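Peer 1: Could you build the full structure based on these sequences and the hints that come with them?
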Amino acid sequence: LIVEDDDNAEISLLGGSSSLLAINFGHSGNADDGMITYNTTDGSEAMQFTTHGAIKVTIDKDGKTGFNTEVMDAFVNINSGADNSGLHVESTDGHANISLADNAGSVVLVGSGADFMVETGGSASTAGSSASEKFRIKSDGKIGINTDSPTHMIDISFADTTAVNAANLDNNTVNGISVNVTGNDTN
Numbered sequence: 076l077i078v079e080d081d082d083n084a085e086i087s088l089l090g091g092s093s094s095l096l097a098i099n100f101g102h103s104g105n106a107d108d109g110m111i112t113y114n115t116t117d118g119s120e121a122m123q124f125t126t127h128g129a130i131k132v133t134i135d136k137d138g139k140t141g142f143n144t145e146v147m148d149a150f151v152n153i154n155s156g157a158d159n160s161g162l163h164v165e166s167t168d169g170h171a172n173i174s175l176a177d178n179a180g181s182v183v184l185v186g187s188g189a190d191f192m193v194e195t196g197g198s199a200s201t202a203g204s205s206a207s208e209k210f211r212i213k214s215d216g217k218i219g220i221n222t223d224s225p226t227h228m229i230d231i232s233f234a235d236t237t238a239v240n241a242a243n244l245d246n247n248t249v250n251g252i253s254v255n256v257t258g259n260d261t262n
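Reading the sequence shown from the start, the letters are residues 76 to 262 in my numbering.
Hints listed in this document are in silico derivations from the structure and should not be mistaken for laboratory results.
Given the structure is predicted, the values throughout are model-derived calculations rather than measurements.
For glycine and all other residues, C-beta sits at the position ideal for the given N, C-alpha and C.
Among the hints, erroneous ones may be present.
[Unchecked claim] The calculated label-pair distances, taken between Cβ atoms and stated as ranges, are:
no.: 1; residue 1: Gly156; residue 2: Glu79; range: 40 to 48 Å
no.: 2; residue 1: Ser155; residue 2: Ser214; range: 19 to 27 Å
no.: 3; residue 1: Ile231; residue 2: Gly156; range: 39 to 47 Å
Peer 2: Okay, here's the thing in structure tokens:
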């Protein structure tokens, strides 16, 4: 089958308002081993991709996409089953990022070597741009807040007069730790 045109070329599968439209891929043992379907039989208006006889990807009429699931409560849904590896982000340079952005700003979760970092304060227009590192867990378990080189189990770097405390949220009393820093004095 060749469909050719100088401008636009289309192949249409047209059915009733409540129908299943499909392109099947198969072999002598299974005629429906792989399928691309558009299903309007239950009002779902969902496109589905099937491999090895099972639905692997579903895109519903709202654009929500499910990988190995047809139950979607977010725009991207992944069911990895018992594998527990639902998302793998890999990069060929020194960082692998997941960016989170809304109309007010952005945050980046970064894997760098064996370290984990959180960058905050990014712009809303480009996820992660202008963000700066605020938190790091090193491969040896050391944690840095406002420092990328923690030398103790927990290192916190202050740029100004700062207080660190653990407080009871009910009555704002300190329970266990309080560090107040003013200039070079530590209480």
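Peer 1: Do the Cβ positions of Ile231 and Gly156 conform to the proposed distance bound of 39 to 47 Å?
Peer 2: Given range 39 to 47 Å: holds, Cβ gap about 40 Å.
Peer 1: Using the beta carbons of Ser155 and Ser214, state whether their distance is inside 19 to 27 Å or not.
Peer 2: holds, 25 Å
Peer 1: Given the range 40 to 48 Å, decide if the beta-carbon distance of Gly156 to Glu79 lies inside it.
Peer 2: 43 Å Cβ-Cβ, so the 40 to 48 Å window holds.
Violated hints are absent here; each numbered hint is respected by the structure.
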